[in-house]
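Participant: Those protein sequence lines, which keep their order, are chains A and B. In terms of the numbering used here, the first sequence opens at residue 1 and continues consecutively. In terms of the numbering used here, the second sequence opens at residue 1 and continues consecutively.
One thing to keep in mind: the hints can contain errors.
For chains that are exact copies, the list does not tell them apart, and a pair is met inside one copy or across any two.
Stated by the list, open to error - With a Cα cut of at most 30 Å, we get these calculated DSSO-like pairs of lysine-lysine:
#  : residue 1 : residue 2
1  : K58       : K12
2  : K383      : K309
3  : K380      : K58
4  : K31       : K344
5  : K31       : K189
6  : K312      : K379
7  : K383      : K245
8  : K344      : K198
9  : K245      : K261
10 : K31       : K390
11 : K222      : K193
12 : K410      : K245
13 : K261      : K198
14 : K390      : K190
15 : K309      : K198
16 : K356      : K245
17 : K219      : K356
18 : K197      : K208
19 : K219      : K245
20 : K312      : K208
21 : K261      : K412
22 : K344      : K219
23 : K164      : K190
24 : K356      : K164
Keep in mind the hints are simulated off the structure, nothing from the lab. The structure presented is a predicted model; accordingly, all values stated were derived computationally and were not measured.
There are 2 protein chains.
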Amino acid sequence: MSNNLLSTQPYKGTRDFYPAEMRFRNWFFGKIREVLERSAYEEYNAPMLESFDIYAAKSGEELASTQTYNFMDRGDRHLAIRPEMTPSVARMVAAKIYDLNMPLKWFAIPNMYRCEAPQRGRLREFWQLNVDIFGCDGFEADMDVIESAINVLRVFGADETMFKVHINNRRFFNDVISAICDSDADGAKKVSKIVDKKNKIPREVYEKEMGALGIDAEKLAKIDALYTMSVEEATALCPDSVGAKELSDLFALLEETGLAKYCVFDFGIIRGLDYYTGTVFEVFDEAPENNRAMYGGGRYDNLVGLFVKNAKVSGVGYGMGDVTLENFLVTHNLVPDFSEGNTKVLVARFNDVPYKEYIALTASLRDAGITSALYLGTKKFGKQIDYASKEGYTHIVIMGGSEFENGVVKVKNLLTREENEVAIAELANYFVK
Amino acid sequence: MSNNLLSTQPYKGTRDFYPAEMRFRNWFFGKIREVLERSAYEEYNAPMLESFDIYAAKSGEELASTQTYNFMDRGDRHLAIRPEMTPSVARMVAAKIYDLNMPLKWFAIPNMYRCEAPQRGRLREFWQLNVDIFGCDGFEADMDVIESAINVLRVFGADETMFKVHINNRRFFNDVISAICDSDADGAKKVSKIVDKKNKIPREVYEKEMGALGIDAEKLAKIDALYTMSVEEATALCPDSVGAKELSDLFALLEETGLAKYCVFDFGIIRGLDYYTGTVFEVFDEAPENNRAMYGGGRYDNLVGLFVKNAKVSGVGYGMGDVTLENFLVTHNLVPDFSEGNTKVLVARFNDVPYKEYIALTASLRDAGITSALYLGTKKFGKQIDYASKEGYTHIVIMGGSEFENGVVKVKNLLTREENEVAIAELANYFVK
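If we strip away everything but chain A, and leave its shape as in the complex, we get (with noise of 0.2 Å):
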């Protein structure tokens, strides 16, 4: 061992689990593992490290080289640590194209990296909720992917005050663009990278880049004014366009199903990636400090044909990050008291009775359920319930010498200060009851 002591700090943009933060964790993972399994989505994952290729493939070699860590492996490989879990989740569902049974209602939970500086919301090492559909097509796959970005947060007991899903249809934009500007595809595409900034760039700049585009001043005041729109508004401005018949019928629907109060419409939700091609969304959270898009995602097509030739498997889903989610709870006050209501019960121990005695009863809770464990080492009584106190314990169960002889404990609540005898063949049930 050196004399050069180590940093005890973690790499930047990563984070230290200790077992308070780990709890949080744990409990709101698995609220969601919890409420999507009920709606039948199945858990996956797989591995951190996978070709450099399947990156490249999907954002394209620069993108990819300077987002992910990525390096040689000793056989030459190209790696990366996954940035994000779409083109992992895609190529195993090419992998068994002809032997899963679609449509596939997935999700994970995995951890990732991304090189790039931290930032408020943005780490290097996160983990996210990956929720996708595969090989449903219609919109019913959006419908549902949508529902559970809904339940996600309502299971933490989140209501339409604290969020709302934005909702727009890529191939709707496409359309109604196209029918304001008189544009094609491509035009209509090169006016969504302008839309998709407009937020983040000066009012002047984003009128001049629509200038280039040949967009005068009545367009832009026509695109201006679907941000105000209703969806029944908006979508009667291309009434034979399929994106807009897909953006109605799905607002139907949510207005049916009770879900539209949750939901509204926004022109201005894009998702930068072309992928995309038709349901898109984002989830904002609606406290006024930290306003702006949690999470979000969309229907995207055929990321399978990277792998298999002819493959068509279009997907829906989203992906939510955990720092995010860790935010918007902290900030609702959605995060309950870990203490209260479990049992926790440390078993304190004196020199006059023989050890095993201990070990013996400690088991004896454990196996009535009772979480419970024994002092480790022979400090005096006051350390010993001022260990339990720190460490959480709700209860102290005293077995000296005199206890043991006459077959009882005493058990004190730590919370209340209140003090039983109890005998040792009742402890368990004790705190059963």
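We have chain A; now place chain B onto it with these hints.
Facilitator: Relative to the frame of chain A, chain B by itself:
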């Protein structure tokens, strides 16, 4: 999208987890969490990427370099994907050494990477259960950790015919070798290296290497004899040894608490790494076809000292790989049938009932806590039944136009083929009862 198709295979030595595999993993990791938490072990986690230095400091630059995936980040920081958890947890303990409430009972189930040729039971990506107690120097912690190493198998229904914990003590080893060979601590350490590989080298090589340390046939016979001795016989050879007392105290306690049937003294257990200082153990699979060490651990001193000057925090713990555990559970037939007992309901869809009615029906089942999904798509009923059976649904709910008009559904049990008519308002109760 290029014309060159990408490989659908995961990176060599890593695994994709499809839902069936993932269900199995979630089941066994869930059982392990439950049994450890019941003994008040608390879960933690650390980042997947760590500074390369922490592995180099523990295992030496060369070993760390060949065994880990390591690379430089853009800020020229030398990083490694963790090949083990111990350096990370030592770092975490060091970072809060003055705040943490010792002794700590901690566990983690992280994913990690080992850069080596995959072989049976050893893959490049694996998950490893890590259980450790920090800050308790006494045999109490050794006992607690060994008890937990037994309980993480017992929780699956494994008994003493299926596994055995082989126990030794490094301090005792040094003392008894010193007594037999008249050597000092350094000499005993050299002997330990040879003993550690005894089963992997021919007897002649073993004898030759021992001979080179000045250990003649007579001394060798005495060492050989240790392998078949009881704890009492072995420890009697060096009655003043602290390690001998630790070993016999531990076995006495195992006897008194009924755990001795799971344990055996084994002089051959060394655990190669130099940092082990006291109790060491390995858990063996007793199946004849797989009779070998599955996992192990022991007491190690002061890894925390790599991070904090003058820190003295000893630890005792073990690590168990997921592949090992999977093999054990399968070999001993300890995997339950996951399809049993879990109601999973598919609501079939027909075109003569409004879609919203199906969504409402499915949501009402889900709200009653029943795992249920609506068939996504418009395929014929026969295809929907087919889908339900393949995806492990236990029931299918049929609400065609005539049922809907009469306020009823048909429920078909896919396992028994039984079919019942149930009032829509009673449907949730039908499954809950």
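Participant: Each hint: holds or not?
Facilitator: Status of the hints after comparison with the structure:
1. K58 with K12: both (27 Å within a copy, 22 Å between copies)
2. K383 with K309: between (68 Å within a copy, 26 Å between copies)
3. K380 with K58: neither (63 Å within a copy, 35 Å between copies)
4. K31 with K344: This pair counts as both: shortest intra-copy Cα distance 22 Å, inter-copy 19 Å.
5. K31 with K189: neither (39 Å within a copy, 51 Å between copies)
6. K312 with K379: Between. Shortest inter-copy distance 18 Å satisfies the 30 Å Cα cut-off; intra-copy 67 Å does not.
7. K383 with K245: Classified as between; 27 Å across copies, 70 Å inside a copy.
8. K344 with K198: neither (54 Å within a copy, 46 Å between copies)
9. K245 with K261: within (20 Å within a copy, 71 Å between copies)
10. K31 with K390: Answer is both: 27 Å inside a copy and 27 Å across each meet the 30 Å cutoff.
11. K222 with K193: The answer is within: 18 Å in one copy meets 30 Å, while 81 Å across copies does not.
12. K410 with K245: neither (71 Å within a copy, 33 Å between copies)
13. K261 with K198: within (26 Å within a copy, 71 Å between copies)
14. K390 with K190: The answer is neither: 59 Å in one copy and 44 Å across copies each exceed 30 Å.
15. K309 with K198: neither (37 Å within a copy, 54 Å between copies)
16. K356 with K245: between (73 Å within a copy, 17 Å between copies)
17. K219 with K356: neither (84 Å within a copy, 38 Å between copies)
18. K197 with K208: within (13 Å within a copy, 75 Å between copies)
19. K219 with K245: within (23 Å within a copy, 89 Å between copies)
20. K312 with K208: Neither. Shortest intra-copy (39 Å) and inter-copy (66 Å) distances fail the 30 Å Cα cut-off.
21. K261 with K412: neither (49 Å within a copy, 35 Å between copies)
22. K344 with K219: neither (67 Å within a copy, 52 Å between copies)
23. K164 with K190: The answer is within: 28 Å in one copy meets 30 Å, while 67 Å across copies does not.
24. K356 with K164: between (58 Å within a copy, 21 Å between copies)
When the structure is compared with the earlier hints, violations turn up for hints 3, 5, 8, 12, 14, 15, 17, 20, 21, 22 and for no others.
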